[in-house]
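Engineer: Chain residues, written in single-letter form:
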Amino acid sequence: MTTTPVLEAVDETLETQGKPPLNVIYEWLTTVDHKKIGLMYICYALLFLVIGGFEAVLMRIQLAIPNNHFVSPQVFNQLFTMHGTTMVFFMGMPILFGMGNYLVPLMIGARDMAFPRLNAFSFWVSAFAGFLLYFSYIGGSGLYAAGSAPDVGWFAYAPLTSKVFSPGHSTDYWTLAVFLSGIGSIGTALNIVTTILCMRCKGMKMSRMPLLPWLYLVMSGLVFVAVSPLTAAQIMLTFDRYLGAHFFDTQAGGSAILWMHFFWIFGHPEVYVLVLPAFAFANEIIPVFSRKAMFGYPAMVAASVAIGFISLSVWAHHMFTAGLGPAGNTFFVFATMVISVPTGIKIFNWLATIWGGKIIFAVPMMFMVGFLFQFLIAGLTGIMLAAAPFNWQLSASYFVVAHFHYVLVGAIVFSLFGAFYYWYPKVTGKMMDETLGKWHFWLFLIGFHLTFDFMHIPGILGMPRRIYTYEDGRGWNTLNFIVGIGAIFQAVGTLILVYNMIRSYYKGKEAGHDPWDAWTLEWSVPSPPPSYNFAIEPTVNSRRPLWDLKHPEDPDTDYE
Amino acid sequence: MSLIAGTASAQSPTNIFDPAGTPARTAMGLSILVLSVTLVIFLIVAGLLLYAIIRFRHRPTDSDREPAQIYGSNQIELSWTVIPILIVVTLFLTTTRVILVTEAIPKPPSAMDVTVIGHQFWWEYNYPKLGVVTANELHVPISDPSSPTPTYLTMSSADVSHSFWVPRLAGKMDLIPNRVNTMWIDPQATGLYLGQCAQYCGTQHAKMLLRVYAQTPQDFAAWIEQQKKPAVQDFPGNAAAAEGQTVFMKNACINCHAIKGTVATGRFGPDLTHLASRDTIASGPVPNTPENLRKWVNDPNTLKPGSLMPAMHLNDHDLDVITAYLTQLH
Chain U
1 MTTTPVLEAV DETLETQGKP PLNVIYEWLT TVDHKKIGLM YICYALLFLV
51 IGGFEAVLMR IQLAIPNNHF VSPQVFNQLF TMHGTTMVFF MGMPILFGMG
101 NYLVPLMIGA RDMAFPRLNA FSFWVSAFAG FLLYFSYIGG SGLYAAGSAP
151 DVGWFAYAPL TSKVFSPGHS TDYWTLAVFL SGIGSIGTAL NIVTTILCMR
201 CKGMKMSRMP LLPWLYLVMS GLVFVAVSPL TAAQIMLTFD RYLGAHFFDT
251 QAGGSAILWM HFFWIFGHPE VYVLVLPAFA FANEIIPVFS RKAMFGYPAM
301 VAASVAIGFI SLSVWAHHMF TAGLGPAGNT FFVFATMVIS VPTGIKIFNW
351 LATIWGGKII FAVPMMFMVG FLFQFLIAGL TGIMLAAAPF NWQLSASYFV
401 VAHFHYVLVG AIVFSLFGAF YYWYPKVTGK MMDETLGKWH FWLFLIGFHL
451 TFDFMHIPGI LGMPRRIYTY EDGRGWNTLN FIVGIGAIFQ AVGTLILVYN
501 MIRSYYKGKE AGHDPWDAWT LEWSVPSPPP SYNFAIEPTV NSRRPLWDLK
551 HPEDPDTDYE
Chain E
1 MSLIAGTASA QSPTNIFDPA GTPARTAMGL SILVLSVTLV IFLIVAGLLL
51 YAIIRFRHRP TDSDREPAQI YGSNQIELSW TVIPILIVVT LFLTTTRVIL
101 VTEAIPKPPS AMDVTVIGHQ FWWEYNYPKL GVVTANELHV PISDPSSPTP
151 TYLTMSSADV SHSFWVPRLA GKMDLIPNRV NTMWIDPQAT GLYLGQCAQY
201 CGTQHAKMLL RVYAQTPQDF AAWIEQQKKP AVQDFPGNAA AAEGQTVFMK
251 NACINCHAIK GTVATGRFGP DLTHLASRDT IASGPVPNTP ENLRKWVNDP
301 NTLKPGSLMP AMHLNDHDLD VITAYLTQLH
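If you're matching them up, the sequences are chains U and E in order. Under full-length UniProt numbering, the first residue of the first sequence carries the number 1, and numbering increases by one thereafter. Under full-length UniProt numbering, the first residue of the second sequence carries the number 1, and numbering increases by one thereafter.
So that you can see chain U by itself, here it is in the shape it has in the complex (with noise of 0.2 Å):
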């Protein structure tokens, strides 16, 4: 007979009611519970994305029409600048991050963290670097000239960084924020590494691991490689702004190459960090909605591996128009191409979930579905990238611009929503709106594929990024204008979900322990989890503990 987690809750738990409002602000701010830092992660995030979406839409308004005097040179290229550096470090890392703190320990078996104290400090210094990007708006430039945020864009390519063209505070604004987000992060991967190595329950060997703390694991492992050179980047530019360093500044004969290297040794593997919580969603949720066993579990852990270790060899496509070399370029196609087969067999393996499923279409799903379909032609594109012929045409284009927000938005914010909607109940107790979520996911979806569809076309075109106006005549008007009306969709959507979050908080129905009926450890505490998660340490004997106690006729345990 297999032994079962044991569902019994300790008396401490989330619940604030009846302490005075001054205990529980103290409460969040000293506290170390894996949880609650996890909360804090994703409520900072949803506020960064919110403004990360607003700037993305008075960007579309200004790019609408041709010609047009909606925001100066000046801002747009803060906005985009902005916008970039926001979504990238202040909410996609965050999110996931925090999703990771919440899900990862109980997914185990664990009762938190493996270092609690510095999960705390990972967090407030994040957090404290996401609020310092945004003083830049009012301490920038000088004596606190308004309108000062940083304007070099997300990239911060070198020379443009250096004192002779980025005069006054607004880059190093930039630089110190995306510096401490970089702790932050480091610090998170390590935890997060250790908790998984070190603290899983009794029984569950790596190899009954649910696949998302595998995917947090390669995830972090590659937050270490690749986040270690951007910080290092950082601080090699701040010297060379301060200290009369030479590493970036070419009037003095530095290189502008040798900082593309530093950042897209870091950029490209980044879109893995950010892209491998997406798959980990998926993993968990689109075996529960088709009530089937993930298929190919070794093959799926594998292939995550190995996009990790790829992922490592492929920064120099960002650079096939840097002048590498026939040699050098040949390399950088391969590796990317190559990347392609393990991304591959993790949509083949999904598709096999799906197959012969009795596949239940809640929210969470839809989400899901979306995520598969866009995530597949977010990899096409990819490949169509990474042919450098194609690519001499295509980089810096808008075609670029849409590929990436195919794999950013199409991918990891569509699995990241259905995972919202997913583990809702867990955290709250309370169940999500589905009318709410419908709505949010219809308006969503139309709202991408106006933008990120039609944005294909403009690269095309000839239309490159990064730029505040454009003339009449190009065949990019038409374009643009829908692209627009997209990004007003996907912001109505969003702002749905952010109402429907809050609304459900206080009015949702009540969600019990297990409200989809699902397998891993997570859903055998009360929800919301008490502290300290498990009353008794749980041990497992398979992949799906609770598939095993609701199908003892059946268990997984003979299949692995």
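Please note that a few of the clues may not be correct.
Just so you have them, the derived chain E footprint on chain U, three or more residues with Cβ under 8 Å [said to hold, decoys possible]:
no. : stretch
1   : 67-74
2   : 108-122
3   : 314-326
4   : 335-342
5   : 371-385
Coverage of chain U stretches by chain E, computed from C-beta distances (three or more under 8 Å per stretch; other residues unrestricted) [stated by the list, open to error]:
no. : stretch
6   : 202-209
7   : 254-260
8   : 295-307
9   : 392-398
By construction, these hints were calculated from the structure, which means they are not laboratory data. All C-beta atoms in this analysis are idealised placements derived from N, C-alpha and C, irrespective of residue type, glycine included.
Go by the hints and put chain E onto chain U.
Structural biologist: What follows is chain E alone, placed relative to chain U:
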């Protein structure tokens, strides 16, 4: 698919699928191949996905039993590993061939050389063998495939990174300070080819436009002859232009601009020797008319905010005469 249909029908002077030179045409050949392969993959996988979500959706009439649990299949998984590897290898080899024919073929002796320097926010063109320096409007001879005369662009930057992109002629190549990159173009039909800077380079990145005039060898030779001449020095019967010349030479203009044969030898801004022979000013966005020239000299930021040329704060009379002078620089 909407993507391809849209592309085919869209009329744009910068459509990458309407090539007019060899590098752009070879890239398009590869593009069509990659597009076809990915389209087939898309149709197959998306079709299977669509079928699966429709066929296997939960129906109210279904029994309560969970579906059969299938944990994997080595044969199936092996097949969808091996087949993609074969596709990748094919695409990789084809891509490599196109990279080599674009980047690694020897330069023919009949090639013409142009040095391109990117500036915030304009283009400097130097024909070293012909002794001509110009700005913002690149003139090249068309290349007859039977006796090709491609133009080799040797490119660098004076300040930050830029990128040279004329989609109908070739893909883009970055201009990076302290580094020399090369690319080549060989337009095969006369005409004006548009493009613009493709690497974010600061405030006015958006209005750093590219104009390439492809001319018959005769027209091109005539243009070169005219550009080689020094600028007009005396203006009989045009007192305003003569006075404008004096104003120009006495002001800070000469620190940044060169006019061949005069004391103006500045290199920071565009060479103005034959300014009046150009169709546009400010690197493309505005037509070269006396009104625009006057506006530009008075305050460049009204036409191109973020331009690095300072407002000259001249009085109305000086503005009039300097405009009269500039319009005489044929």
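Engineer: Any hints from earlier that this structure breaks? Give me their numbers in increasing order, please.
Structural biologist: Those not satisfied are hints 2, 6.
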